[in-house]
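**Student:** Chains Z and F are the protein sequences, given in the same order. Residue numbers for the first sequence follow our numbering, beginning at 1 and rising by one. Residue numbers for the second sequence follow our numbering, beginning at 1 and rising by one.
Hints are computed from structural coordinates only; laboratory data are not their basis. The model shown is predicted, which means the values in this text are computed figures rather than measured ones.
Identical chains share a label here; the pair holds if one copy fits it or two copies do between them.
Simulated crosslink set (DSS-like; lysine-lysine; CA at most 25 Å straight-line):
| hint | residue 1 | residue 2 |
| --- | --- | --- |
| 1 | LYS17 | LYS218 |
| 2 | LYS248 | LYS129 |
| 3 | LYS17 | LYS219 |
| 4 | LYS162 | LYS125 |
| 5 | LYS160 | LYS125 |
2 protein chains.
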Amino acid sequence: MKQFFYFYSNLNSCMPKVEVCFTPQAFPLFANEEANVVVIDVLRATSAICTAFYNGVSKMIPVATVEEAREYQRNGFMAAAERNGEIVEGFELGNSPFGYMNNKVKGKTIALTTTNGTQAIEAAKNARKVIIGSFLNQDVVADYLIAQQRNVILLCAGWKNKFNLEDTLFAGYIVEKLMASAYETDCDSALAASTLYNIAQHDLYGFLANSSHRNRLKKLDLERDIRYCLTPNQTPVIPVLEGKHLVKMNVNIQVVGK
Amino acid sequence: MKQFFYFYSNLNSCMPKVEVCFTPQAFPLFANEEANVVVIDVLRATSAICTAFYNGVSKMIPVATVEEAREYQRNGFMAAAERNGEIVEGFELGNSPFGYMNNKVKGKTIALTTTNGTQAIEAAKNARKVIIGSFLNQDVVADYLIAQQRNVILLCAGWKNKFNLEDTLFAGYIVEKLMASAYETDCDSALAASTLYNIAQHDLYGFLANSSHRNRLKKLDLERDIRYCLTPNQTPVIPVLEGKHLVKMNVNIQVVGK
Numbered sequence: 001m002k003q004f005f006y007f008y009s010n011l012n013s014c015m016p017k018v019e020v021c022f023t024p025q026a027f028p029l030f031a032n033e034e035a036n037v038v039v040i041d042v043l044r045a046t047s048a049i050c051t052a053f054y055n056g057v058s059k060m061i062p063v064a065t066v067e068e069a070r071e072y073q074r075n076g077f078m079a080a081a082e083r084n085g086e087i088v089e090g091f092e093l094g095n096s097p098f099g100y101m102n103n104k105v106k107g108k109t110i111a112l113t114t115t116n117g118t119q120a121i122e123a124a125k126n127a128r129k130v131i132i133g134s135f136l137n138q139d140v141v142a143d144y145l146i147a148q149q150r151n152v153i154l155l156c157a158g159w160k161n162k163f164n165l166e167d168t169l170f171a172g173y174i175v176e177k178l179m180a181s182a183y184e185t186d187c188d189s190a191l192a193a194s195t196l197y198n199i200a201q202h203d204l205y206g207f208l209a210n211s212s213h214r215n216r217l218k219k220l221d222l223e224r225d226i227r228y229c230l231t232p233n234q235t236p237v238i239p240v241l242e243g244k245h246l247v248k249m250n251v252n253i254q255v256v257g258k
Numbered sequence: 001m002k003q004f005f006y007f008y009s010n011l012n013s014c015m016p017k018v019e020v021c022f023t024p025q026a027f028p029l030f031a032n033e034e035a036n037v038v039v040i041d042v043l044r045a046t047s048a049i050c051t052a053f054y055n056g057v058s059k060m061i062p063v064a065t066v067e068e069a070r071e072y073q074r075n076g077f078m079a080a081a082e083r084n085g086e087i088v089e090g091f092e093l094g095n096s097p098f099g100y101m102n103n104k105v106k107g108k109t110i111a112l113t114t115t116n117g118t119q120a121i122e123a124a125k126n127a128r129k130v131i132i133g134s135f136l137n138q139d140v141v142a143d144y145l146i147a148q149q150r151n152v153i154l155l156c157a158g159w160k161n162k163f164n165l166e167d168t169l170f171a172g173y174i175v176e177k178l179m180a181s182a183y184e185t186d187c188d189s190a191l192a193a194s195t196l197y198n199i200a201q202h203d204l205y206g207f208l209a210n211s212s213h214r215n216r217l218k219k220l221d222l223e224r225d226i227r228y229c230l231t232p233n234q235t236p237v238i239p240v241l242e243g244k245h246l247v248k249m250n251v252n253i254q255v256v257g258k
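Based on the provided sequences and hints, a complete structural model is requested.
**Tutor:** What follows is the structure, encoded as structure tokens:
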């Protein structure tokens, strides 16, 4: 019996793990250079990045400060800058996905700084792979992670290092998919995220009605952006960090669920 | 119309706010010296503290390190020390509530160090009031906060600065009670906590079956402790920090729900 139990625990410990980290501040407690990290900033940085690559952007350069983005702009690059939900003065692009749905961005390299998303990418940069997740590419991300069979950390960008609901719901979706495949978890935030996703899944928009960031964006008249960012599988691409640049991952993607 | 809106926002902003902070690490992002802070470490530090005061302990001295607790012990105090769920060698008490259910503790001053709880008390020490919450004193805590009508921060001790479920469920209970009275929130973690509490409320024990800390304690054969710590209103007292000591708050408490 003991031997069986030993075998069973061994089998268990061979399963890859999924964890959820609610804020970039907490990431050092999770960091594991062997894990794949998914950076999540649903409203709206990672949704915008997915949309940009789906519309043919060639590279994106995440930078921490508006000043760095301006420097790229002065050197002839396209540049995008968002702070507190609004495009920073002097920039053509912010983090509205709709800003990236045109031919002007095709083939371009774009420098990008946002309130939360780019900081989360910076926090995760030493991971085995840093990929960009949002509802817009949810199933290609989940399928990729499942095929990899490696430990996964879902890193929510949150809002200025506080927990937020929309990133947590997306993390919950990925936890569900991974746990339904051969993943396990011993992480309470993963259990919380999947429980919340289960409740919210049939009406993400309604569930977020009282959330802090939806209210922040509501004041800025961005309801259309929010609805789009909560729509599954609109942009079946996987942006991935290579050195200091985001590029489109070169994988054979089968569009699922669209 | 604009004037009405202004009036309305003003009215709203007069209501006290409740926020939930999931870990001591994140507390500086919430800290507000005008707020009342409830420190929560359901399994088991704050449950043990409530039990201790209910059984006549006179004072508790939360200390950060085992060495400090030993120093108090050498000076003739009773001392309690827990690390990773177990009593530290050389101590009579840890953070099992059952350790405090006897006459030996009556009238005593006890130095206490635990893995997470005492660190959370330390993080909160500059708040207007730091009170100790657990399911064991849930309604006297909620009623006290409602009577105070001041901003509230519910500080979960978590596990080594990671989010945990049991503290979140208790925070969710308090959020529910406060929001049903004249409190408001713009805090996503408060919304998440109350949603999770709503799902779990009829079977807290079952809901926590897969949680990391319940599994940690299960290995240590502490199921009886867990069941007790999840039982409402067993110890209607409010421990409060006064200087460096915890004492029993001198309030006229009506036992609710027992």
